[in-house]
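Asker: Chain by chain, the residues run as shown.
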Amino acid sequence: MRPFLFSKSSAINQALAKKNNTTQYIAGGTNLVDLMKKNIAEPESLVDITSTLSAKIEPTAKGLQIGAMVRNTALANDATVMAKFPLVSKAILAGASPQIRNMASTGGNLLQRTRCPYFYDVTTPCNKRKPDSGCSAIHGENRMNAIVGYSEQCVAVHPSDLCVALAALDATVKTQDKSGKTQSIAFKGFHRLPGTTPEKDNNLPANALIHSIELTENSFAKNCAYVKVRDRDSYAFALVSVAAALNLKGNQIVEARLASGGVAHKPWRWFEAEQFLKGKTANAANFEAAANIAIKGLKPLSHNGFKVLMLKGAIETALQQCLNP
Amino acid sequence: MKQEYNFSRRFFLKTSSALGALAFIPKGVKAFYEEVKNFIVPKKEQLPLTISINKKSYAIKADTRTTLLDLLREDLNLTGAKKGCDHGQCGACTVHIDGERVLSCLTLAATVPGKEVTTIEGLANGDQLHPMQQAFIECDGFQCGYCTPGQIMSAVACVKEGHTKSVAEIKEFMSGNLCRCGAYNGIVESIQKVAAQ
Chain A
338 MRPFLFSKSS AINQALAKKN NTTQYIAGGT NLVDLMKKNI AEPESLVDIT
388 STLSAKIEPT AKGLQIGAMV RNTALANDAT VMAKFPLVSK AILAGASPQI
438 RNMASTGGNL LQRTRCPYFY DVTTPCNKRK PDSGCSAIHG ENRMNAIVGY
488 SEQCVAVHPS DLCVALAALD ATVKTQDKSG KTQSIAFKGF HRLPGTTPEK
538 DNNLPANALI HSIELTENSF AKNCAYVKVR DRDSYAFALV SVAAALNLKG
588 NQIVEARLAS GGVAHKPWRW FEAEQFLKGK TANAANFEAA ANIAIKGLKP
638 LSHNGFKVLM LKGAIETALQ QCLNP
Chain B
24 MKQEYNFSRR FFLKTSSALG ALAFIPKGVK AFYEEVKNFI VPKKEQLPLT
74 ISINKKSYAI KADTRTTLLD LLREDLNLTG AKKGCDHGQC GACTVHIDGE
124 RVLSCLTLAA TVPGKEVTTI EGLANGDQLH PMQQAFIECD GFQCGYCTPG
174 QIMSAVACVK EGHTKSVAEI KEFMSGNLCR CGAYNGIVES IQKVAAQ
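Chains as they are written, first to last, in the numbering used here: chain A, 338 to 662; chain B, 24 to 220.
Since the hints were made in silico from the structure, they are not lab data.
Don't take every hint at face value.
Unchecked claim - Output of the computed footprint for chain B on chain A, the stretches with three or more beta carbons under 8 Å from beta carbons of chain B: (1) 338-348; (2) 444-450; (3) 495-505; (4) 559-566.
Unchecked claim - Using 25 Å as the maximum straight-line C-alpha spacing, the simulated SDA-like pairs for lysine to any residue come out as follows: (5) Lys138/B <-> Thr87/B; (6) Lys393/A <-> Asp98/B; (7) Lys66/B <-> Asp385/A; (8) Lys188/B <-> Thr417/A; (9) Lys345/A <-> Lys188/B; (10) Lys345/A <-> Asp98/B; (11) Lys67/B <-> Leu372/A.
C-beta atoms are modelled at their ideal positions from N, C-alpha and C, and glycine is treated no differently.
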């Protein structure tokens, strides 16, 4: 690990004043410390922000504000979150281990880096780790990689489960930068597709911090599900995952939300399938039709063709589970 | 005896003029030199830390890069917590911070002051084993024993959290602790035993 200077910040302005290109913030550290051990992240100084940012979940006029420092376990177990946004709880509990969830922060969950094996292997080229060095995964071991939205430069996927739920629920990311300026970024615009700049995972402004996440009250609490398919029963990253939520009036679908992890460089929304389900009867035939719309035109890589049918099954299962949560 | 110095007049003139010249090097060059030096020789920082472990306070200096696991094992000789993968994938290093189970291999020691750390060494009450330690012995909760301190720390937390309603729930909430001997059935049994007490 490269040596670094360490400091703590108790106020957000103080933490922001310390930020530059060679400084990184540390909260839970579950991803950053690992990346530093592998010499993938090499900050010259670390600023501990665990006592800088809010660890509170507070009601707002429209819904809920989740402080960036709320630990994953606390978020999943929060009574209001479980009652009004159970999809968030379900997604968190499908990810990592209890130890990691006790450590990891909400803000850090959004900013975690990909688990593409080549990103982690510093002896191989990787455009995300070292721009313009090439992508080893596109013609390499890519069974865990993307099936949609990727580019010639990068086929990595975003590893978060929480973010899939937040994408499905149209959350908002609130940021604050050095000048004190705050910004609200719609969740679907927060993470990026790789394009020609795969080194950039998201649109967090330069030298800014995630302050909090906002959720707006919705009618999806009753009928939602998170289905995660992985190599073992627990404690593994998703091959594919599906967050599904239905707003039902009797047997009719008023509105549907469908998002996936493990398929793209960002949490992926299946907008066309959602549109199809609107106004339809909630039954197996329509769920299958929606799944078929989602998988239409997907372009798997050399080793992950299996993900397409797996995704179809996961979408149908998740929608069925919405009816019997 | 008279001490002989081998510094010649020429050496003195050479060195003193070189030192003199140094003062006239433009600031930009000096800054550049500093930059290069910082790049090649990164700044190391030793932090004075006061950390409470098993209700005992330790004052120690540690490099900023030190993880809590390395501090415990290498500096404080508390070798109960084990280094398995060192990347947060196996759970062998599990300890409690403020009563919650965490991975000490992904925790920087610098972030721990002000918190209470409990390791496997702090579980027993004198010669009286913790009920979970006793249960692991009685239920064959281990074979080689390497993952056991992490398993026990995790198991204690699992019971405290109340995730013991079914075998499936215990397995799900113990999934962060791997056991290559495959003592899982004994571990689940140990947890059920303690949860029932």
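Asker: Next, verify each hint and record whether it holds.
Answerer: Hints, verified against the model:
1. 338-348: Answer holds; 6 residues pass the 8 Å Cβ test.
2. 444-450: Answer violated; 0 residues pass the 8 Å Cβ test.
3. 495-505: violated (count 0)
4. 559-566: violated (count 0)
5. Lys138/B <-> Thr87/B: Roughly 17 Å separates the two Cα atoms, so the pair holds.
6. Lys393/A <-> Asp98/B: 36 Å, violated
7. Lys66/B <-> Asp385/A: 18 Å, holds
8. Lys188/B <-> Thr417/A: 23 Å, holds
9. Lys345/A <-> Lys188/B: Violated. Lysine 345/A to lysine 188/B sits at ~40 Å, over the 25 Å cutoff.
10. Lys345/A <-> Asp98/B: At roughly 23 Å apart (the allowed maximum being 25 Å), aspartate 98/B and lysine 345/A satisfy the hint.
11. Lys67/B <-> Leu372/A: Roughly 19 Å between the alpha carbons, so the hint for lysine 67/B and leucine 372/A holds.
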